[in-house]
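> My numbering runs 12 ahead of the 1-based position in the sequence shown.
Source of the hints: derived by calculation from the structure; they are not laboratory data.
Because the structure is a prediction, the values reported are computed rather than measured.
Virtual Cβ for every residue (Gly too), placed ideally from N, Cα, C.
One should not assume that every hint holds.
Below are the EDC-like pairs computed for lysine to aspartate or glutamate, each with C-alpha atoms no more than 16 Å apart in a straight line [claimed, not checked]: (1) K332 to E246; (2) K587 to D597; (3) K235 to D139; (4) K164 to E232; (5) K239 to E637; (6) K239 to E145; (7) K239 to D640; (8) K233 to E145; (9) K233 to E328; (10) K413 to E601; (11) K648 to E581; (12) K346 to E387; (13) K332 to E232; (14) K92 to D139; (15) K235 to E328; (16) K261 to E328; (17) K368 to E407; (18) K332 to E262; (19) K346 to E391; (20) K164 to E145; (21) K587 to E387; (22) K332 to E249.
Label-pair distances were calculated between CB atoms; the ranges are [what the hints assert, rightly or not]: (23) N148 to N593: 39 to 45 Å; (24) A386 to S258: 32 to 38 Å; (25) V683 to E628: 29 to 35 Å; (26) E387 to V314: 54 to 60 Å; (27) V230 to F99: 25 to 31 Å.
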Amino acid sequence: MSQRNLREELRNVHIRPWNSGIHDIHERFEHLDKNKLHVPIRRNLAAATTVSNKGKADTSKSKSVTYATYFRKVLKIRMKYYHRLSFMIALSFAVVLALPFRGSVFMYPVKVITMWAAFSLIKIARDSTLRVESSNASSEVQHVISVIFSSKCLQMLAAYLTSTFFIYSIIFFQSSSYLNYCISSTSKTVKPFLNDNFMFFWYFVFFVAIFYTFQFMVFEKNKLNFKISTYRSEPTEQLKRLHWTSFLKETASITGCITVLAGPIYLAIRNFLFDVMFYPVVAILNLNRQIPASRLSFSLYVVVCLVCFLVVFIYELLNKIYNAYAMAGCLIVKKPLSAYSEHPFEALMTGITNYKDNFVRLTAYQEIVYRSTAENALERKDFYDANNWVLALNEISKVIKESSRAAKMDLPQLKKEKLKEKKGPPAVKPVEPSIFGTLGHGAGVDLNNGSRSMDDRGSIFAGKGLQPDDLFLRSDKKVNKEENAVKNAVQSAEDALMIIIKKYEGRFVKMLKEYVSSRTQGSRFLRFVEQKLNSDLWDTLLSHSYRREADRRIPNKALVGNAIVAVSEMLFHAKSEDRKNVVEDSITEVLTLLTRIYRSTSEFMDNPPVRPRNSEQANNNSIKEINDLAISYFFKLVVFYNSSLNDLILSPETFRLAKWCTDIALEEQRVQKFE
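Can you make the complete structure from the sequences, with help from the hints?
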């Protein structure tokens, strides 16, 4: 259907209030996708909309459920594919382990079920440690400390330790006598010694689990990296586009680090392992209390490292599969999640206001993006109700305002003092009437000065005092005092540790530099160490990071970006679809919101708390992405509503930016005419 025919059809549609038109909308959705629905999914989701009344079914008055209910049901359905693929991986891995180590054929199902249970345990740990926002740390050391000493890290460690233990147990029971727990003594009067290979084998199991868990948490692999304005991602397509070269390189690098570090660390803590970790084994089996001689087999070292490569490969692949199905988006059978509710908009609002679960909240904003950008105008019909639009716009405004305050919080004062010393804006001159009318005259703005460059943000906005607001949007729920006390204790411990590190770091590095520089002439290795000590490695680790400062202020850039996209796209469609001018009347408020977030992010970029070390840090962060997105949609809205700007009452800051965008658009038109 062409756009013109669609507009003519929409003119003949009488848009009723939400309560009277909801069943009609629901019937339209049913008619559109009737032949494409998956019946079990439909049945499961529809069952969630009804509740019993004193033990009796009441189908006439069904109670609405929250958006999180539908989301959890759909996520559970999607994760069935994870279990199926993990079962196939367990089958294949059991065959691989059976080839070199042999074993009984009758034990093959036991091995498969054992590994499948281990992989399911990893999935449970991923569910409990999943997050969609960035870390709150402002430096690399602070990030590592806060991640390692957290409950989520302990949960992942327990899962990976159990899984690795199950896998290596299969190898242990298939191995020959060289992994026996003891070595027989030649004399009957001397108790047998603990086998060194046995001790190293189980130490290696713990080392693999600990190392993989730490790198998994430190590199934030438990975070789902959603893209802005993306509401649907096919899991199968994501897995097909998997870059196997980089995937194998990452697996090889993790395995290489484990291979290099496992042996030396084992030799260094061998006595401790014997006295502590293996003391129960020695006591229960009545073995010799003396530490055995070091007889570590090189062949055993090679075998466990090769198995480690396969284990790390499987763990990385399982994480990719989990992420692919967890990031599938807000659509199920080409319908948004809220469409399965009898009251779609109410269900959607429960997702938008779900401050407790950021994953559910982000999915709800993905659905708003889908509805605002859909080709079918019926997807946006609910928002053209006055009450519904006020509720949605209010939540979107909260997200943008909180992000604006967080972006400019606690910026250095030096830059603002310099801005005050700059020459003020030029005097106002009489100008010809423009599309803005007389708005902005007398505000200290030269409307004829349209030669500002795109990067001259200081000439668009004037500096103002900043207020140290909170970084994140708070929910109305009261905070538990016990949880608050634990968080304060952990934060105090981290701060005390950082003070100690910063206090002795300079003295330690200075002494180490002096020691290394006095002995570098005869050692190539010490020259390499001296080069690293003289580099900015220590500042990178201990000082605040530009990227982490940016991501800390806007930790969930996908949610903020989706809010900007949704409210802007609704205005684009409202001009031809909103017959009551409910959404279109919000153009002033939306332009003000976009100006606010653009101004705040620009202040951070012009006057950051930490200078970026390179262009990659300056361009690849959440502040930069939101800044570009805000000015892009502001520019498009100004051009799209060019004929209506004359009737708007804009603030001075919004007017300056709108005038600047108009001048840029006119200049581009002139250039295109000459070309």
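> Flag every earlier hint the structure violates by its number, smallest first.
Structure breaks no hint.
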